[in-house]
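Participant: We have chain R; now place chains S and V onto it with these hints.
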Amino acid sequence: MAFIKIKRPELSLSDKLYIPAIFKGLWLTFKHAVKSVRGKSIGSKDLASSGLGITMQYPEQKWDEHLPEYYRGVPALVTDEQDRERCVSCQLCEFICPPKAIKIIPGEIPSDDEWAKVEKRPKEFEIDMTRCIYCGMCEEVCPEQAIYLRQDYAVTGLTREEMVNDKKRLYEIGGKRVGLVNKWNELK
Amino acid sequence: MEITFLAISAIKIFVFTFVITLPMIAYSTYAERRVSAILQDRVGPNRVGIPLTLFGGKKDWKFFGLLQPLADGLKGLLKEDFTPAHVRKNYYWIAPALTAVPAFVTVCVIPFGSEITIFGETVKLVIADIGIGPLFIFAIASLSVYGITIAGWASNSKYPFLGGVRACAQMISYEIALGLSIVPVLMVFGMLNLSDIVNEQAINGWLIFPAWGEGLTNPDTGNFNLGRWLLVIPLLISFFIFTVSIFAETNRMPFDLPECETELVGGYHTEYSSMKFALFFMGEYAAMIVGSALIVTVFFGGWSLGFGLDAKWLMDEAGNWKAYAGLVHLGAFLTKVVAFIVFFVWVRWTVPRFRYDQLMKLGWVVFFELALVNIFLTAGIMWWLAR
Amino acid sequence: MSEATTEKLPKDVAAEDGMVNVQVDGNWIQVPKGTRMIEACKIAEKEVPHYCYHPKLSSPGNCRMCLVQMGMPPRPAPGEDPKFKDDGFQEIGWMPRPVIACANTVAENMGIRTTGELVESCRHGVMEFLLINHPLDCPICDQAGECSLQEFSVEHGRGNSRFVDNKVKKPKNVDIGPRIRLDDERCIMCSRCIRFMDEVADDPALGFTDRGTHTTLTVHPGHRLDSNYSLNTADICPVGALTSNDFRFQMRVWFLKETKSIDTNCGTGSNTVIWTRGSEIFRVTPRENNEVNSCWMPDSHRLNFHYVNSEARLNTPMIRNTSGTHEAATWADSIQKAAEVLRIHQPGEIAIIGSGKQTNEELFLLGKLAEALETDLLTLVPRMGESDGKLVAADRNANTTGATLLWDTEDPYAKLDAIREGVRSKKIKTLVVFYENLLEEAGFKEEDLANLNLLVSNHILPNGTAKNSHIVLPGAAFAEKRGSMVNITGRLQRLNKAIEPPAGAMDDWEIIRDLIAALDKKAAPLYLIEDVLKAIGAAVPAFEEQTFSKIGDQGIQITVTGQTIPLLDKEHQRIERGEIVG
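Order-wise, the sequence lines are chains R, S and V. In terms of our numbering, the first sequence opens at residue 1 and continues consecutively. In terms of our numbering, the second sequence opens at residue 1001 and continues consecutively. In terms of our numbering, the third sequence opens at residue 2001 and continues consecutively.
Next comes chain R alone, as it looks inside the complex (with noise of 0.2 Å):
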């Protein structure tokens, strides 16, 4: 192995004295304070800060319209063009969900369904957003591009049960998605 001699910087004597340096700082932060209390802090414009600093007052102001496409909120089912559920409780999403928010109970479509050919369909879907993390493994291993990450954030509840996201729910939060794979047309 071979030794690097790494030479430490020579100091100066302002500099072991250390006050000089203090004083530095102070006039720093000083700057700082001045640009914050005149509104005038580096990127306050960018984000839409309140003015004072660069924080931005949430609730009164949000960044929604900042929002990218992939950003990740509530995990959420969807329904395609004709209406029909995507999920058919392949359990993936349960399986792979790091935290264990997913819960599922597949059933079985009734023989005079008009999708009775998928056979399968949740019968309870749970997410359980106290436990969900956002990370969107679930969304990633989907097998029938069923469930999506939203863009909402704001999941609020007074009880564990009310942040319980049951089946009904996640389809009116997801609602219909179209332009997916077709995958269970009558041809195939």
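It is worth saying that the hints were derived from the structure and are not from the lab. Quantities reported herein were computed from a predicted structural model and do not represent experimental measurements. Accuracy of the hints is not assured; some may be wrong.
[Claimed, not checked] List of simulated lysine-lysine pairs, DSSO-like, C-alpha gap at most 30 Å: (1) 62(R) to 1062(S); (2) 117(R) to 167(R); (3) 1058(S) to 62(R); (4) 117(R) to 2172(V); (5) 2445(V) to 2534(V); (6) 31(R) to 45(R); (7) 2172(V) to 183(R); (8) 2172(V) to 120(R).
Facilitator: Relative to chain R, chains S and V alone:
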């Protein structure tokens, strides 16, 4: 003892501790957060006000979050007062009080103002006008180290223990520098009564800024007093050592190693919660306020307006203070103290924490020697001047 | 040549033990003569992917997945001696064409390659053909996770399809039997199910119709797949073509925890795997044990677990109050109360009825309880039925042999009639019942039970006996306890704990132990079920020095009863005839 003296003392104790010092402690926590936020391009607590909307109002009154300390105090009282099973109960309970009480006791010798005259009674704006002011403060303030050390030990857990040991070593070390650095000041004044010291400064110029009175006119010759200005050099050194040592004594950044979060979780108060924790917090801020007050009193003319204005505006021909002079002086004193508190906060959010060995080295190798030499320097100058 | 005569060649060494030398992927191993190539590869720990081959069934060789490269020494010219290399083996001449490993037997000096360009490209091609018409419905298919087609497609498949035409449409979701559902699109025509129903279940209900890509698995007209062994076809189906109605869409297999245990529905004691998630049993499948159940299991036994998941499970001890209703009580109170009343009765007034479905440990402790109560009125409830000539034994009690050994009696059922008469004539005033509903097989009537001064009973579900009991002690089901049983052939086997009993219920052996401890303060303390087995070992010669780890997953023969399992007899005959590998 006269009944009026007792009554007046009781009123002074009540006013100076509960009306002035306690709210100052509360609002210095608020100031700490607001100032630190502003220094760091943030906002700080700006919400807690009167929630009028709860009572059907249209808009909440926020007052820039000025009610935040009230909310904090309420929280401290309402939170579960949890005592871990593994602590030594008696010491654990007494430690917060031991930290907070000395800081409040020292308030009694701080002169908040000159004097006011009500109903013919002249009242000095100091609780106990004793002749050993600085010594009293050092004696009492050094007791607070017991609180911190006992807290660390009684918690019976490694991080608080380390914090307690650090606090003990640090406070004892810096007490030496603190004590030595004030000796030149006392040599210059030749007295220990803080009220008299301030009085002297009001007339003859602040200790490190004698721009009027004695500083400008030599009592012997009537000319510019070069000798007095020469003394400012050792007094500046004294001021510097004294201020830094106060930082260390009050465990403030950059010397807050006893509660250094990165190494010791919460330091000596790791195991404390709710009001017991709040007492530590209050003790720390009270010590900071007393420290600021002491610096102001000794070096910056205490309650005096300075620049000869006291004599010009607030004295009658006979050389006595006017009736309302005390109130003006109280305002001046508090303004100076607040300025120093802001300085404390400013330093905290600027300077990073020292390493523990650096801290000890600074105390023992630099300040101790410097303060000693400074005494001889002052003595030399005084001897040369008196010759 | 002089050296060759003094030193034996490997082929001669192997031949002495009836073995042959085979080279698998470059390593020489000895395998018994007549071994299939696929088994030789298994011995050499080389995996040969396969679908249609099953060691317990005949080998039609129709999936073509197990293709390997084979080589033999070149045939010497007339008059020429075989040439041996320094290591004693002949040079292998590799065949340019692959062979199926499942239907060919090994020969001396044979070479097998399970890897290499030829073999891999063959597997690649076979996989592609198999996947042409296979639907992409893994997300809904129950087999996903334990599907050979999935596994081999990952290992040997190409990842995408080159097939541009429409896939062949076949019947889906076909109701072919009460317990099995067929999806023809998923079928890869391995014919395992057909062969199983024909060769093992003796009910050839399945067959292929049509040809080529249109080949369709179907049930014979007028028949249904309703054999009591039909669910085994779902087990051996390598894909999701045959799935169990009971397990259909219940849970993905990758969530399930497998616990090896044994079946307690009859004396055969089929080896099983209990598949659970949380505290719920989802399915029970057979586990291979060539001394007990081969690879199979009757449907009636494997489906008899749903009561364990029942909402109605008893989950707290109960004491009947004076007004006749049951009140929840603590375990300590219940045991103490039972012991108090039991203590004041004369020995002749007390009887104990256990169950043939209890473990050795529980039965042994019941014997100890009888000793503590100084009564000899101890019996089991018989459950005799018809043997089906395969795996269902006539004795539907799982542990009759165990009871015979433990209580050292010819007939553990002998005293039941006497006890029943005793209760009827009010001679017996106290009855302790474990795991049995007396109103069923035991032949008691409700008015009989009303005669009793004290009825202590242990159940897992509410029933008539529990209703009439003065003290009810909730116990654990077969999947919730550890223990051992002896099957009809005399094989000691182990039950393992797959799930926890409901909160408030207790393991049966612990209940009996606590009862004994409450009656006899001087009883030796038993902390673990292992302690009980140790005590049995000390008391019963057949169990000497047995431990749970010694019993293992496959069990241990501790006695010979003379009874055999018909399905195994048949299997041995078929192995001897060379029809199957076994």
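Participant: It remains to establish, for every hint, whether it holds in the given structure.
Facilitator: Evaluated hints:
At most 30 Å may separate the alpha-carbon atoms for a hinted pair to count; residue 62(R) and residue 1062(S) meet this at roughly 20 Å. At most 30 Å may separate the alpha-carbon atoms for a hinted pair to count; residue 117(R) and residue 167(R) meet this at roughly 21 Å. Distance hint between residue 1058(S) and residue 62(R) is fulfilled; the C-alpha atoms sit about 21 Å from each other, no more than 30 Å. Only pairs whose Cα atoms come within 30 Å are accepted, and residue 117(R) paired with residue 2172(V) is accepted, the gap being roughly 8 Å.
For the suggested pair residue 2445(V) and residue 2534(V), the alpha carbons sit about 39 Å apart, so the restraint of at most 30 Å is broken. With a C-alpha separation of about 18 Å, the suggested pair residue 31(R) and residue 45(R) falls inside the 30 Å cut-off, and the hint holds. For the suggested pair residue 2172(V) and residue 183(R), the alpha carbons sit about 16 Å apart, so the restraint of at most 30 Å is met. Restraint check: the Cα-Cα separation between residue 2172(V) and residue 120(R) comes to about 13 Å, which is no more than 30 Å; the hinted pair holds.
The structure does not agree with numbered hint 5 stated previously, though it agrees with all others.
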